[in-house]
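Participant: Here are the chains, one letter per residue:
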Amino acid sequence: QFAPQNRKMASSSSPLRSSSVSPLPPSPPTAMKDGEFKNWAELPPELTSSILLRLGATEILENAQRVCRSWLRLCKDPSMWRKIDMLDLDDYDSKDCKASMCRRAIDRSQGGLVEIDIGYFGSDDLLDYIADSSSGLRSLKLVMCNQLTDDGFAEVVVKLPLLEELEASYCSMSEESLKAVGKSCPNLKTLKLNCAGYRVPRNESDDEALAIAATMPRLGHLQLFGNRLTDVGLNAILENCPDLEHLDLRQCFNVNLVGDLEKRCLEKIKVVRRPNDSTRDYPYDATINDVDSSDDEYPYGFSDVDLMSDDEYLYDLSGASDHSDDDMFDVYDDLYL
Amino acid sequence: AFVENIPEIYILSLLFFSPHFLYLLISVSVLTMDPIPGLSKLTVSSSKKIVLNCSDGKSFEIDEAVARKSKLIADMIESGCDGPIPLQNVTGKTLEKVIEYCKRHVVEFGPSDEDDEEAAEKLAIWDAEFIKVDEETIFHLILAANYLNIEGLLSLTCKTVADYIKDKTPEEVRQIFGIENDYTPEEEEAVRKENVWAFDPNQ
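Going down the list, the protein sequences come from chains A and B.
So in the working numbering, spot 274 of the first sequence is number 274, and the numbers just go up one at a time.
In the working numbering, each number is its position in the second sequence, counted from 1, plus 1000.
It cannot be assumed that every hint is accurate.
Computed list of lysine-lysine pairs in DSS-like fashion (alpha-carbon distance at most 25 Å, straight line) [what the hints assert, rightly or not]:
1. A:76 - A:141
2. B:1166 - A:83
3. B:1168 - A:76
4. A:141 - B:1166
5. A:83 - A:159
6. A:76 - B:1193
7. B:1166 - A:95
Because the hints were derived from the structure by calculation, they are not lab data.
The task is simple: from the sequences and hints, build the whole structure.
Facilitator: Right, dumping it as structure tokens:
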């Protein structure tokens, strides 16, 4: 029985105790008067949990549980740890610290972990730790985990047969890892494989798309933001993923979504985000890399449009007499004669 | 004054007047004693309005679709609850705000994806404005959303409070929530040390 130990209030029975949901609204001992502000500490524990849940694992472990004893008790309850959010995209600390904290959070879930989001500190070891303790994991989100290896990842997904959602964004996950997932996780319905978009046409690869087509027949939701697939890869996916309802191809600039391909796409799939669609609701940085990093011909940051007009600037610099009519330059003529 | 005298006339009429006049007088007294005139004519099953009665006596009449945003009320409607629904755990002021939320959220999204994205954005902006209220109001909204079982509102209110206490020190949170620190100094140090992460492969 949760007894608020925090405030020594001369209060009679609290009308708040009967606030749990029941079929018929129960009548409390005293009606709550308008303007009677109850202490936040008297919030029923399940509601305090509801608030703390939305803080994210790091915040809970570092701050929330230090507030008072009853909050510590709430923060140790396994029900608070069924979903762990440790993306911490803006919160940098040593990778070891974060990994250690993550393990602590996983321990608290006591095997009931259902969903986990991990940021830059993700490693094969950490994923192994998750897989060993939480074989019932349904959703795994990895963002900017560049320490992962194909072998390590393949070993991990074998232990997660119930996985339904996988996101591996900005992780450079290879097609080998994808095949491993496809083979080990028959229930996979959502796959998100996002990376920075490239506009340079010769940078093509259908490896990932083909791996997906080959091993993930039950996909319903596929997000391939910034992927280098071509029409070939897209065709393969359309052929082999009949359950697909949502396809996000934003910044997949090698896909030419026209004609028959476009028609088939729109017919089969409910929601299609096209290569040039708005990125307003995209959760990560949508800056496009316009230039292949190995190309030294043009300065970084020029778009294709700018490249076309470079010729004009060259002519100007080589001393064409365009400025003779310019009033402003008459002043300089006097000075430099 | 006339209304207060009716019962006496009623008694007199029993003795002295014809059944027709008696019928008239009984009808008038019943009607004037009726707190919500015409309510008895409303049958919930045939109309689409639901009446909600608050703890402080206030009453709200809303569309059934709006009322159904509350799973509690929806279940009661399902189990054949007719007539006004008593909500003794919610005051009029809070319920008014809750109804505002439900009305805005009962609008369904359009079929195409473009509509969805824009509509979702607009809704999010509306939510952000809606929840710009004082602490006390949010507190009552959380309780109401929980009691009435309105998932979206509970989520919105809890997230707002969570965002508010995020990145605040434990002492700052205590002040906001009016919580007394019931840790002993030793306990507090122990919990603080727990958070000084040293990489321990055995942890």
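Participant: Find the hints from earlier in the document that the structure breaks and name them by number, from lowest to highest.
Facilitator: none
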